[in-house]
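> Read top to bottom, the protein sequences are chains C and B. Heads up: the first sequence begins at 1 in the working numbering, then just goes up one per residue. Heads up: the second sequence begins at 1001 in the working numbering, then just goes up one per residue.
Source of the hints: derived by calculation from the structure; they are not laboratory data. Possibly wrong hints are sitting among the right ones.
What the hints assert, rightly or not - Using C-beta positions, here's what the derived DEER-type ranges look like:
(1) HIS1010/B to THR81/C: 21 to 29 Å
(2) GLU1053/B to SER103/C: 43 to 51 Å
(3) SER7/C to GLU1101/B: 22 to 30 Å
(4) PRO39/C to GLY1003/B: 14 to 22 Å
(5) GLN1041/B to THR81/C: 36 to 44 Å
(6) THR81/C to GLN1018/B: 37 to 45 Å
(7) SER1027/B to LEU61/C: 23 to 31 Å
(8) SER7/C to SER1073/B: 32 to 40 Å
(9) SER1065/B to GLU14/C: 44 to 52 Å
(10) SER1027/B to GLY82/C: 26 to 34 Å
(11) THR81/C to GLU1054/B: 24 to 32 Å
These numbers were taken from a predicted model, which means no experiment stands behind them. Every residue gets a Cβ at the ideal spot worked out from N, C-alpha and C, and that includes glycine.
This is what each chain is made of:
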Amino acid sequence: GEDVEQSLFLSVREGDSSVINCTYTDSSSTYLYWYKQEPGAGLQLLTYIFSNMDMKQDQRLTVLLNKKDKHLSLRIADTQTGDSAIYFCAESAGNFNKFYFGSGTKLNVKP
Amino acid sequence: DAGVTQSPTHLIKTRGQQVTLRCSPISGHKSVSWYQQVLGQGPQFIFQYYEKEERGRGNFPDRFSARQFPNYSSELNVNALLLGDSALYLCASSTGRSSYEQYFGPGTRLTVT
């Protein structure tokens, strides 16, 4: 279960909502994550969801999990120019900290 | 509190050389994992160390090795460098062996010429 797929690009206008999608293949995934990476920087943990949950909300971020379709999404409300970055979906399974990452979605927020 | 720190920030090596990258985890974290991020791709898991022992290994050749010290800091060594080893090397720390939250450092950018 090592395939995590994301669309490569998303462009939105400031103030709109952004929805970034991810599909994964490992049905035994325990946790699913969203990380943010700004140019030249490491990965910032944004949020995560346990596999027995359908939704998690954290301020402007909403994570939706469809376990049947193995589909994860991240919604960013009121998107700001500071949200421009690459967003990575990741899954973990098993009993050690081995994460599988997608290739990332580059979010471009236009003023 | 300081986050995960890595050194050096950037490094340029030539093919065939050896390199050592260093990582200090967040205070109180006992697990360190290493990832390789090639430009335009997501990070790929290399190793996890917990309590100074290797707990997981990704699909990387034996040229890659690592160790963890009593203070939980870690080093990643790569021998006989190839051009394809050029990447951002990320270190992540977590509290325990199976912790679900991993926090990443800023990475070391390795360029092999």
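> For every hint, state whether the structure bears it out.
Structure-based check of all given hints:
1. HIS1010/B to THR81/C: 21 to 29 Å: holds (27 Å)
2. GLU1053/B to SER103/C: 43 to 51 Å: violated (31 Å)
3. SER7/C to GLU1101/B: 22 to 30 Å: holds (26 Å)
4. PRO39/C to GLY1003/B: 14 to 22 Å: holds (18 Å)
5. GLN1041/B to THR81/C: 36 to 44 Å: violated (25 Å)
6. THR81/C to GLN1018/B: 37 to 45 Å: holds (42 Å)
7. SER1027/B to LEU61/C: 23 to 31 Å: holds (27 Å)
8. SER7/C to SER1073/B: 32 to 40 Å: Holds, since SER7/C and SER1073/B (Cβ atoms, about 38 Å apart) stay within the stated range.
9. SER1065/B to GLU14/C: 44 to 52 Å: holds (47 Å)
10. SER1027/B to GLY82/C: 26 to 34 Å: holds (28 Å)
11. THR81/C to GLU1054/B: 24 to 32 Å: violated (42 Å)
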